[in-house]
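These protein sequence lines are chains A and B, in that order.
Under numbering that gives the first Met the number 0, the first residue of the first sequence carries the number 0, and numbering increases by one thereafter.
Under numbering that gives the first Met the number 0, the first residue of the second sequence carries the number 0, and numbering increases by one thereafter.
It should be emphasised that the hints constitute simulated quantities derived from the structure, not laboratory data.
None of these values were measured; they are calculated from a predicted model.
For every residue, glycine included, the Cβ atom is placed at its ideal position computed from N, Cα and C.
There's no promise every hint is true.
Claimed, not checked - Pairs of lysine to any residue residues, derived as SDA-like cross-links and limited to a Cα-Cα distance of at most 25 Å, are as follows: (1) A:Lys64 - B:Arg129; (2) B:Lys78 - A:Val330; (3) B:Lys78 - A:Arg309; (4) B:Lys97 - A:Arg129; (5) A:Lys97 - B:Gly144; (6) A:Lys97 - B:Thr126; (7) A:Lys78 - B:Arg142; (8) A:Lys97 - B:Arg142; (9) B:Lys78 - A:Ala141; (10) B:Lys193 - A:Glu214; (11) A:Lys97 - B:Thr116; (12) B:Lys64 - A:Arg309; (13) A:Lys64 - B:Leu243; (14) B:Lys205 - A:Ser38; (15) A:Lys78 - B:Asp358; (16) A:Lys205 - B:Gly260; (17) B:Lys205 - A:Gly261; (18) A:Lys97 - B:Arg129; (19) A:Lys97 - B:Lys64; (20) A:Lys64 - B:Asp203; (21) A:Lys207 - B:Glu214.
Said to hold, decoys possible - Some chain A residues well away from chain B (every beta-carbon gap over 10 Å; in silico): (22) Gln9; (23) Asp14; (24) Gly66; (25) Asp143; (26) Asp357; (27) Asp358; (28) Ile398.
There are 2 protein chains.
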Amino acid sequence: MKSDLDVLMQSRNLDAILVLGNAEHNPPMYYLTGGGHVSSATLIKKRGGEAVLFHQDMERGEAEKTGLQIRSYSEYPYKELLNEAGNDPALAAAIRLKRMFADLGLVRGRVGLYGHTDISSTFAMLTHLRRILPEVEIVGEARDGSLFMYAMETKDEAEVARLRRIGRVTTEVVGLTADYLTSREVRSDEVLLKEDGSPLTVGDVKEKINLWLAERGASPTEGYIFSIGRDAGLPHSQGNLSDLLRLGQTIVFDIYPQENGGGYFYDFTRTWSLGYATPEAQKLYNQVKVVFDKVMENFDLNAPFKDLNRMVCEEFEKMGHQSPLNTAAPVEGYVHSLGHGLGLNVHERPWSGLTANDDNILRPGVIVTSEPGLYYPEKGMGVRIEDSLWVRPDGKAEILAEYPYDFVLKMKKWKNG
Amino acid sequence: MKSDLDVLMQSRNLDAILVLGNAEHNPPMYYLTGGGHVSSATLIKKRGGEAVLFHQDMERGEAEKTGLQIRSYSEYPYKELLNEAGNDPALAAAIRLKRMFADLGLVRGRVGLYGHTDISSTFAMLTHLRRILPEVEIVGEARDGSLFMYAMETKDEAEVARLRRIGRVTTEVVGLTADYLTSREVRSDEVLLKEDGSPLTVGDVKEKINLWLAERGASPTEGYIFSIGRDAGLPHSQGNLSDLLRLGQTIVFDIYPQENGGGYFYDFTRTWSLGYATPEAQKLYNQVKVVFDKVMENFDLNAPFKDLNRMVCEEFEKMGHQSPLNTAAPVEGYVHSLGHGLGLNVHERPWSGLTANDDNILRPGVIVTSEPGLYYPEKGMGVRIEDSLWVRPDGKAEILAEYPYDFVLKMKKWKNG
Chain A
0 MKSDLDVLMQ SRNLDAILVL GNAEHNPPMY YLTGGGHVSS ATLIKKRGGE AVLFHQDMER
60 GEAEKTGLQI RSYSEYPYKE LLNEAGNDPA LAAAIRLKRM FADLGLVRGR VGLYGHTDIS
120 STFAMLTHLR RILPEVEIVG EARDGSLFMY AMETKDEAEV ARLRRIGRVT TEVVGLTADY
180 LTSREVRSDE VLLKEDGSPL TVGDVKEKIN LWLAERGASP TEGYIFSIGR DAGLPHSQGN
240 LSDLLRLGQT IVFDIYPQEN GGGYFYDFTR TWSLGYATPE AQKLYNQVKV VFDKVMENFD
300 LNAPFKDLNR MVCEEFEKMG HQSPLNTAAP VEGYVHSLGH GLGLNVHERP WSGLTANDDN
360 ILRPGVIVTS EPGLYYPEKG MGVRIEDSLW VRPDGKAEIL AEYPYDFVLK MKKWKNG
Chain B
0 MKSDLDVLMQ SRNLDAILVL GNAEHNPPMY YLTGGGHVSS ATLIKKRGGE AVLFHQDMER
60 GEAEKTGLQI RSYSEYPYKE LLNEAGNDPA LAAAIRLKRM FADLGLVRGR VGLYGHTDIS
120 STFAMLTHLR RILPEVEIVG EARDGSLFMY AMETKDEAEV ARLRRIGRVT TEVVGLTADY
180 LTSREVRSDE VLLKEDGSPL TVGDVKEKIN LWLAERGASP TEGYIFSIGR DAGLPHSQGN
240 LSDLLRLGQT IVFDIYPQEN GGGYFYDFTR TWSLGYATPE AQKLYNQVKV VFDKVMENFD
300 LNAPFKDLNR MVCEEFEKMG HQSPLNTAAP VEGYVHSLGH GLGLNVHERP WSGLTANDDN
360 ILRPGVIVTS EPGLYYPEKG MGVRIEDSLW VRPDGKAEIL AEYPYDFVLK MKKWKNG
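Working from the sequences, and respecting the hints, build out all of it.
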């Protein structure tokens, strides 16, 4: 949580953090500002101090909405800076940053650097800063172990409410998708038809999904998964846009929309078989559902997330499937890990992979996905069930957006055989 | 154009360029790859050589679509790198980059750094690289003067076709907006009404615009402008979502959608007055239109763009308005500059500001906006007219997407007086 930042700074021996870039589509800056139309900003927070947001003068209104201490770049007149820098804009930016640091009493020490922005101009600026302010050491961090990935790992109430809301949007759109699919006419070869009588494709369905999300203030993440048949057996296949929708084939629908403006994600998967299921697919589905339920029952607070993943591996292996526990990089059976943290990044801490560090704990406040699955691409089928779970302060895992687990969806205009 | 890259590298004394990040929403990488679902990639191009794209193994298919030489990160097994790096992922990334450089015969020299990505992990990696490969100097550049901003300044045929297409989408949506507004019922106080009889707000209109764009594969850029009355007189005001649509007020509609996936932008403005115009607003509109037409007539190939802007200042001053030519930072009259380049960035070279460098030339291949405007916020009105223009090889300026210049839009269900 944000309240962990000072402790995390201390553990990294950082005297301050420096966050650069826009508020939107930039998780560290979004995290501290709450998003909004604040662009090319500079946020500086000293350890134990309040964050100060330096903003463009004409974005004062948006900057005020963040609730942070704000200061305008106009306090550092650009023409003077550029003059002092001999017309080198990267040096001018370095001089400005040195002055901002000085105005906050930061004249030496270690400063952590964060944000998603243009690396060329940032690197040019920091190269100058090293020369004109050698007493301050700017340090980066690899993403997975970074201060922000640790802070973001546990969510406060406001964040949980945001994830719950985007979860509701997600399940609404999934429901609309199911209604649309099951109301289609079906051709004699079991292909679904559009309103105009032509075959319904994966691309047609994705177009509708994108619109339904847009209507609800959410952005479809590029490359989300709606795949059928053999593609459903390949966990990373997004589905071919030209594939036809057919009865009796497994459809993996894995959707992870984001709030407009680069905010919070939800992550959700259902697997469907339209009209009927083959006995083999039904058996696979039942096995995944049994394991999915077992995860919910065995959600062990404060244990490493990977322990739960190991249990899932063991359960699937007992059923006769391969898993990463005893097979290196399996290509069928249970081929990925159980889940991941979820927030301003669609994948973040805690991790559940068998080789994850032990500090990826199911502690109160984390939001994680549980997404066991089984994949048999050569048999043309795959099954995954996924919900996003909040580990509540009382230690219970709560599904943030409930949705039914039906596998076979009854077609309204088709009678079996 | 892309074919200018080698010359631009030479002028900067760069032996190679290094571009990092995703293909989408990352102009330098999009520019060289053409976009697509290629994530966390590394592109290296030696001066005089072909670009080589290093990609994640599971994105081989998407990487192939770029048409570039591709190599998989799997050639540098991550476990071995991490082991060699003592489990420090930033050092492992630096070792990998050093090996990629070596495999391309790059063991010393100056390498330009570009891309939009996570600056923390990139800076951590480059800090290690400086230590383990001191013979290679990595250099950044301030954005406006950077190699990519110069290369992107002139567009090839494929790029012009992309801009033309997003221009067509833009004007279609503008037409739908005009049709929707003019078909509204009007209350006795001249407020427009929605289908359900309640007042129509700016927010309602923006929702429709966003949907119409989504249906056409375009993304509304956050914060585009649909502003009425006093807000129309403030060039940067996006318009209040709760403002009501009324007859006889100036509406500035400035829309700059982007192709989905972080591609090319279009930029377009019309000013409307619904039902009727006040004589004062009509006069203002006529003056802007006269100047807009004069720009089209005086489009002087190979002159600095700012010369055209200076002409616009002079014309508006002759009409009795303030302009930046003789007033520092005017708050009414002509308060901004004439236009800007347009492409993978909504604002890019060439620039038209009066203080722009002389190398911002209207050379064949540039695509620029022409957007003269007059603003009187205290009178509750503002007018801007904007089209995006391609300077063709024959030196003529061509509007990429034509749209009528009507100021007063006739209301279908309202009779004057």
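Going through the hints against the structure:
Taken as a hint, the A:Lys64 and B:Arg129 pair is broken in the structure, with Cα atoms around 40 Å apart against an allowance of 25 Å. For the proposed pair B:Lys78 and A:Val330, the alpha carbon gap of about 20 Å is at most 25 Å, so the pair holds. Note on B:Lys78 and A:Arg309: the hinted pairing holds, with a Cα-Cα distance of about 21 Å set against a maximum of 25 Å. Using a Cα cut-off of 25 Å, the hinted pair B:Lys97 and A:Arg129 holds, with the two alpha carbons roughly 23 Å apart.
Restraint check for A:Lys97 and B:Gly144: satisfied, since their Cα atoms lie roughly 22 Å apart, inside the 25 Å limit. Between A:Lys97 and B:Thr126 the CA atoms are separated by roughly 20 Å; this keeps the pair inside 25 Å, and the hint holds. A distance of roughly 17 Å separates the Cα atoms of A:Lys78 and B:Arg142; the hinted pair therefore holds under the 25 Å criterion. Annotation: proposed proximity of A:Lys97 to B:Arg142 holds, straight-line Cα distance about 20 Å (limit 25 Å).
Only pairs whose Cα atoms come within 25 Å are accepted, and B:Lys78 paired with A:Ala141 is accepted, the gap being roughly 16 Å. A hinted pair counts as satisfied when its Cα atoms are at most 25 Å apart, and B:Lys193 with A:Glu214 qualifies at roughly 17 Å. With a CA separation close to 23 Å, the supplied pair A:Lys97 and B:Thr116 stays within the 25 Å bound. For the hint linking B:Lys64 to A:Arg309, the alpha-carbon distance of about 38 Å lies beyond 25 Å, and the restraint is violated.
A hinted pair counts as satisfied when its Cα atoms are at most 25 Å apart, and A:Lys64 with B:Leu243 qualifies at roughly 23 Å. Taking the CA atoms of B:Lys205 and A:Ser38, the gap is about 21 Å. The hint holds against a cut of 25 Å. Of the supplied pair hints, the one linking A:Lys78 and B:Asp358 holds, its CA atoms being roughly 20 Å apart against a limit of 25 Å. Note on A:Lys205 and B:Gly260: the hinted pairing holds, with a Cα-Cα distance of about 15 Å set against a maximum of 25 Å.
For the suggested pair B:Lys205 and A:Gly261, the alpha carbons sit about 19 Å apart, so the restraint of at most 25 Å is met. For a cut-off of 25 Å, the pair hint linking A:Lys97 to B:Arg129 stands: about 23 Å separates their Cα positions. Simply put, A:Lys97 and B:Lys64 have alpha-carbon atoms about 44 Å apart, too far for the 25 Å limit, and the pair is violated. Between A:Lys64 and B:Asp203, the direct Cα distance comes to roughly 23 Å. Compliance with the 25 Å bound is thereby established for this hinted pair.
Proposed proximity of A:Lys207 and B:Glu214 is supported: the alpha carbons are some 9 Å apart, at most 25 Å. Remark: the non-interface label on A:Gln9 is consistent with the geometry, its nearest Cβ contact in chain B lying 18 Å away (cut-off 10 Å). Distance check for A:Asp14 against chain B: the nearest CB is about 16 Å away, which clears 10 Å, and the non-interface claim stands. The Cβ of A:Gly66 lies farther than 10 Å from every Cβ of chain B, with a closest approach of about 20 Å, so its non-interface assignment holds.
With a minimum CB-CB distance of about 7 Å to chain B, A:Asp143 fails to clear the 10 Å threshold, and the non-interface call is violated. Once the 10 Å rule is applied to beta carbons, A:Asp357 is consistent with being away from chain B; the minimum gap is 14 Å. Residue-level check passed: A:Asp358 sits 14 Å from the nearest beta carbon of chain B, beyond 10 Å. At roughly 29 Å from the closest C-beta of chain B, the C-beta of A:Ile398 stays outside 10 Å, upholding its exclusion from the interface.
Checked against the numbered hints above, the structure breaks hints 1, 12, 19, 25 and satisfies the rest.
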